[in-house]
Amino acid sequence: MTKLTDLTIAEARKGLDRGDFTAVELADAHLAAMEAHAGLNAYITPTPERARERAAASDARIAKGEAGAMEGIPIAMKDLFCTDGTRTTAGSNILGNFVPPYESTVSENLWKAGAVMLGKANLDEFAMGSSNLTSAFGSVVNPWTRTDAPERKLVPGGSSGGSAAAVAARLALGATGTDTGGSIRQPASFCGITGLKPTYGRCSRWGIVAFASSLDQAGPMARSVEDVAIMLGAMAGHDPKDSTSAPVAVPDFTAAIEQGVKGLTVGIPKEYKPEEGLSPEIEAIWTRGMEMLKDAGAKTVEISLPHTKYALAAYYIVAPAEASSNLARYDGVRYGLRVVEDGDGLNDMYCKTRAAGFGAEVKRRILIGTYALSAGYYDAYYLKAQKVRSLIAKDFKDAFDNGVDVILTPTTPSAAFALDEEVTDPVTMYLNDVFTVPTSLAGLPGLSVPVALTEQGLPQGLQLIGRPFDEETVLRAGRALEKAAAFTAKPRLLEG
Amino acid sequence: MDATVAPTYVLTGETGDWEVVVGLEVHAQVISAAKLFSGASTTFGAAPNSQVSLVDAAMPGMLPVINRACVEQAVRTGLGLRAHINHRSVFARKNYFYADLPQGYQISQYELPVVGEGKVILDMPDGSSRTVGIERLHLEQDAGKSLHDQHPTKSFIDLNRSGVALMEIVSKPDMRSPEEAGAYLRKLRSILRYLGTCDGNMEEGSMRADVNVSVRPVGDTGLRTRCELKNVNSVRFVMQAIEIEAQRHIEIWESGGEVEQETRLFDPAKGETRSMRNKEEAHDYRYFPDPDLLPLEFDAAFVEGIRETLPELPDEKKARFISDYALTPYDASVLVVDRREADFFEAVAKGRDGKTAANWVISTLFGTLNKMGVGVDDSPVSAENLGKLIDLIADDTISGRIAKEVYEIMVDTGAAPDAIVEERGLKQVTDTGAIEAAIDQVMAANPDKVEEVRGGKEKLLGWFTGQVMKATQGKANPGMVNELLKKKMGG
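Each protein sequence line maps, in turn, to chains A and W. With this note's numbering as the guide, the letters of the first sequence map in order to residues 1 to 496. With this note's numbering as the guide, the letters of the second sequence map in order to residues 497 to 987.
Note that these hints are calculated values from the structure, not bench results. Just to be clear, a hint being listed does not mean it is correct.
As the list claims (entries may be wrong) - Here are the simulated EDC-like cross-link-like pairs (lysine to aspartate or glutamate), alpha carbons at most 20 angstroms apart as the crow flies:
1) W:Lys650 <-> A:Asp348
2) W:Lys851 <-> W:Asp811
3) A:Lys363 <-> W:Asp596
4) W:Lys726 <-> W:Glu793
5) A:Lys241 <-> W:Glu793
6) W:Lys846 <-> W:Glu793
7) W:Lys590 <-> W:Glu675
8) A:Lys14 <-> A:Glu66
9) A:Lys270 <-> A:Asp348
10) A:Lys384 <-> W:Asp622
11) W:Lys650 <-> A:Glu472
12) W:Lys851 <-> W:Glu793
13) W:Lys955 <-> W:Glu979
14) W:Lys590 <-> A:Asp379
15) W:Lys668 <-> W:Asp622
16) W:Lys846 <-> W:Asp834
17) A:Lys64 <-> A:Glu53
18) W:Lys982 <-> W:Glu954
19) W:Lys884 <-> W:Glu918
20) A:Lys483 <-> A:Asp342
21) W:Lys650 <-> A:Asp342
22) W:Lys775 <-> W:Glu758
23) A:Lys3 <-> A:Glu495
24) A:Lys483 <-> A:Glu495
25) A:Lys153 <-> A:Glu421
26) W:Lys650 <-> A:Glu341
27) A:Lys352 <-> W:Asp622
28) W:Lys953 <-> W:Asp927
29) A:Lys387 <-> W:Glu918
30) W:Lys683 <-> W:Asp622
All values reported here derive from a predicted model rather than from experimental measurement.
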């Protein structure tokens with residue numbers, strides 16, 4: 001029999017309903033794996049007691065025939081989602097001991113559907129990063145390694161690096177992520193799993209520690225397109241507590257995925273083949289992806305998204321600007337870290353608390369954002385970036401209006417890099433997001449599906465981008481790609 | 497304002513005459529059950545930090561959701577200020593750090609406020625009117641309160657007020673004297689209270705004013721540098737602050753100096769203004785549209801629905817009082833300041849002589865209420881009874897003099913005037929026989945004076961009237977007494 005930790009969510013659901021195993025057994029198997037691979041540092045706060053308790057409750061509901069869509073499924077919760085009574089750190093010292101007295105809407109939806117929380121997954125501090133190197137709780141280790149340097153530890157990507165590593169290393173059947181500029185898709189690609197950033201407004205942001213409000217979106221990370229569809233169905237829905245949550249119905253995403261791609265038009269944006277940066281290897285994988293979709297009956301057309309080259313610059317204005325304001329609440333006054341000495345005034349407390357509480361990348365982005373919003377610079381930076389953002393959204397709209405159903409691109413310009421690879425300047429790090437950021441700025445759904453291994457034996461994903469609130473077509477195309485790619489490789493960590 | 501009107505408030509300096517230019521930014525707390533972006537209660541005076549939602553405390557991941565009732569109140573106020581209503585407006589974040597500002601920003605409106613230009617008509621004491629332009633009205637969150645007097649070294653924070661809806665009402669720099677600024681504040685407060693959108697209590701801080709003051713030589717049309725006096729909390733203080741600040745400016749300009757743009761505090765105890773922060777120290781609020789909120793949009797039907805529920809406002813009421821009750825503009829403006837007082841007056845005046853009713857209400861009743869320190873709702877004399885009292889005078893049941901007596905008894909007992917008159921036998925004597933008898937008696941007792949009158953000393957007639965009134969304990973109809981006296985003296 002397949003190991004319990006190797007099951008997909010869909011398989012596990014069937015097994016639970018058939019009584020092949022219990023939710024408690026399923027949770028225990030994952031808790032054991034978490035202990036065995038604690039060195040990956042995928043979890044900041046494991047919650048084994050809570051997991052067993054919830055799993056037992058799931059078993060009771062399954063016995064009564066009241067199983068929800070995620071009943072008994074053990075998952076990792078990115079530590080950006082506030083969880084009632086369970087420490088929520090956002091990967092930051094400033095919230096190092098913060099225990100929320102409330103539950104985020106998305107996590108609440110998952111618990112209502114029967115999901116079982118294994119623990120809070122590691123992440124880049126305040127979701128700012130593409131490597132998980134910025135977490136105050138230590139880096140996450142990618143379970144994958146290069147064939148030419150198997151000892152060298154690799155990053156899992158970020159910011160949802162703990163979530164991606166946990167799913168790839170079989171420390172959870174699925175995980176929640178959040179994506180602001182690529183934080184679900186890039187680590188999914190680095191770790192060889194499937195991750196979806198839904199349309200902005202599809203999932204409620206209520207109770208998710210905010211990074212950049214106009215971009216943040218929660219989404220599922222799992223080991224198959226079907227699993228992602230199941231999870232998304234449980235997570236999504238209009239929430240009156242989030243004014244930006246869209247009042248649209250949640251379709252049955254799983255019903256759409258097997259419909260195939262026959263007759264679909266797949267757009268191939270020429271601007272994603274940069275003269276320099278995109279390696280021939282990644283380009284080859286991209287081409288293979290096109291062939292796979294064509295073989296499955298889709299038509300590919302070259303399209304132009306002319307403002308793509310401005311996306312990264314615009315993103316690194318808009319996101320830090322919003323972050324500089326969103327993170328002002330961490331001031332040591334009401335909750336979280338407070339650093340103050342006798343005789344200190346209010347400003348001393350602010351400075352000491354925030355100096356000690358925030359890491360370098362967070363401080364950098366607060367400074368960039370504050371600068372971009374300052375009097376005299378607002379028009380040149382923030383306003384201009386917003387104009388670029390509109391143009392980028394229009395690029396996509398034009399493509400879809402011209403008959404394109406879904407767009408195929410690489411997820412990342414390269415596969416996972418090493419933990420100890422010196423990142424000389426932050427801009428190089430920001431380039432990781434070059435293919436994911438335009439989708440984020442346009443608020444569109446983007447799915448990363450693992451398609452192949454690179455020459456160094458590392459997974460590489462391709463990204464599918466769809467119309468607003470048309471996750472169904474994205475998942476359909478993703479399923480076709482998944483079938484054709486038949487990506488079954490596992491991290492060497494799990495071999496033997 | 498009309499530039500051709502000569503300034504009425506002129507400050508004489510050493511180099512010449514100056515006029516003051518004043519604009520006001522009024523923060524009016526919106527009357528609503530819940531806060532602007534959260535469901536927490538807004539009741540004043542609750543125990544500290546007992547009315548704080550997760551949103552008000554800016555817990556991680558919390559999001560604002562606009563309270564429709566507050567938007568309705570803002571639109572209602574805009575309509576009351578005859579202002580342009582913007583069907584699309586945008587909430588923006590005003591970023592600054594302070595201990596009682598949990599989010600580290602205030603959600604406000606910046607480039608696109610919910611209400612645009614409007615006007616307020618001032619009723620000046622001489623009965624004339626002035627118009628002050630409204631620049632805009634926008635919705636924003638109030639901050640919490642810092643309490644610095646609870647502990648020797650620490651400050652305490654009360655977040656009950658955090659997130660309560662405020663309307664910031666910005667006037668144009670149209671006022672030219674402390675009196676006009678006072679009249680503007682009183683009129684604005686009156687309109688807000690009529691509309692039921694703000695209780696206007698400056699003492700409780702539910703209405704606060706920032707005062708922008710500059711001066712210029714009489715005849716100049718350009719504006720000179722202004723200073724902003726923050727959070728002045730009474731009409732009287734606003735008027736004092738303008739006077740003092742204007743004087744300070746004139747002294748600086750006349751001594752060859754330059755007024756610096758800055759934010760200042762008015763200290764009523766010392767009678768001075770003090771610098772809070774200058775231009776260099778001014779905050780850079782880094783305004784940007786709040787990404788947690790969609791633009792605020794509504795249609796014309798929403799506005800019309802609110803317009804239909806508007807009460808008659810002070811200006812319309814004043815015009816109607818002048819035409820329906822033949823009141824002077826001044827009396828009408830006094831009566832309409834408070835809606836309940838206006839209603840009281842109307843109840844008294846209905847079907848009676850308006851001027852008489854206005855005299856009784858303004859000169860007599862308001863005096864009584866002032867002395868007692870109560871509002872018209874707690875008046876010991878009801879409108880119905882005051883009306884009856886006026887009727888008793890009109891139909892000659894009692895004289896005006898007796899009416900004053902009856903009124904005092906009404907104040908003391910709350911009883912109806914007809915019952916008092918009946919019970920105390922104060923009915924005016926209109927029986928000719930009884931009056932004649934009294935006259936005969938007085939004439940018989942004073943034959944020498946009768947001779948003097950008959951000899952041409954007509955002035956003495958008044959003395960006789962008084963004696964007759966005295967003999968009838970004031971109940972005789974004075975008109976009849978006069979008439980009969982003349983007849984008898986002549987006969």
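Exercise. Would you check the hint for lysine 483 of chain A and aspartate 342 of chain A, treating anything up to 20 angstroms between C-alpha atoms as holding?
Key: Violated. Lysine 483 of chain A to aspartate 342 of chain A sits at ~64 angstroms, over the 20 angstroms cutoff.
Quiz item: Straight-line Cα separation of lysine 955 of chain W and glutamate 979 of chain W no greater than 20 angstroms?
Solution: 15 angstroms, holds
Exercise. With a cut-off of 20 angstroms on the C-alpha distance, tell me whether lysine 363 of chain A and aspartate 596 of chain W pass.
Key: 23 angstroms, violated
Self-check item: 20 angstroms limit on alpha-carbon distance, applied to hinted pair lysine 953 of chain W and aspartate 927 of chain W
Solution: At roughly 28 angstroms apart (the allowed maximum being 20 angstroms), aspartate 927 of chain W and lysine 953 of chain W break the hint.
Quiz item: Given the proposed pairing of lysine 884 of chain W with glutamate 918 of chain W, does the C-alpha separation stay at or below 20 angstroms?
Solution: The given pair, whose Cα atoms are some 13 angstroms apart, holds under the 20 angstroms limit.
Quiz prompt | Straight-line alpha-carbon gap lysine 650 of chain W to aspartate 342 of chain A, limit 20 angstroms | solution = 11 angstroms, holds
Self-check item: Agreement of lysine 851 of chain W and glutamate 793 of chain W with the hint, judged by alpha carbon distance not exceeding 20 angstroms
Solution: Distance ~48 angstroms between lysine 851 of chain W and glutamate 793 of chain W Cα, so the pair is violated.
Exercise. With a cut-off of 20 angstroms on the C-alpha distance, tell me whether lysine 352 of chain A and aspartate 622 of chain W pass.
Key: Between lysine 352 of chain A and aspartate 622 of chain W the Cα gap is close to 60 angstroms, so the pair fails against 20 angstroms, i.e. violated.
Quiz item: CA of lysine 3 of chain A to CA of glutamate 495 of chain A, is that 20 angstroms or under?
Solution: Holds - the C-alpha atoms of glutamate 495 of chain A and lysine 3 of chain A are around 13 angstroms apart, at most 20 angstroms.
Quiz item: Is the straight-line distance between the alpha-carbon of lysine 387 of chain A and that of glutamate 918 of chain W 20 angstroms or less?
Solution: 84 angstroms, violated
Quiz item: Would the pair lysine 650 of chain W and aspartate 348 of chain A pass a check requiring their Cα atoms to be no farther apart than 20 angstroms?
Solution: Status holds; Cα separation ~14 angstroms.
Practice problem: Decide if the proposed pair is consistent with the structure: lysine 846 of chain W and aspartate 834 of chain W, CA atoms, cutoff 20 angstroms inclusive. | Solution: 18 angstroms, holds
The structure does not agree with the numbered hints 3, 4, 6, 7, 9, 10, 11, 12, 15, 20, 24, 27, 28, 29 stated previously, though it agrees with the rest.
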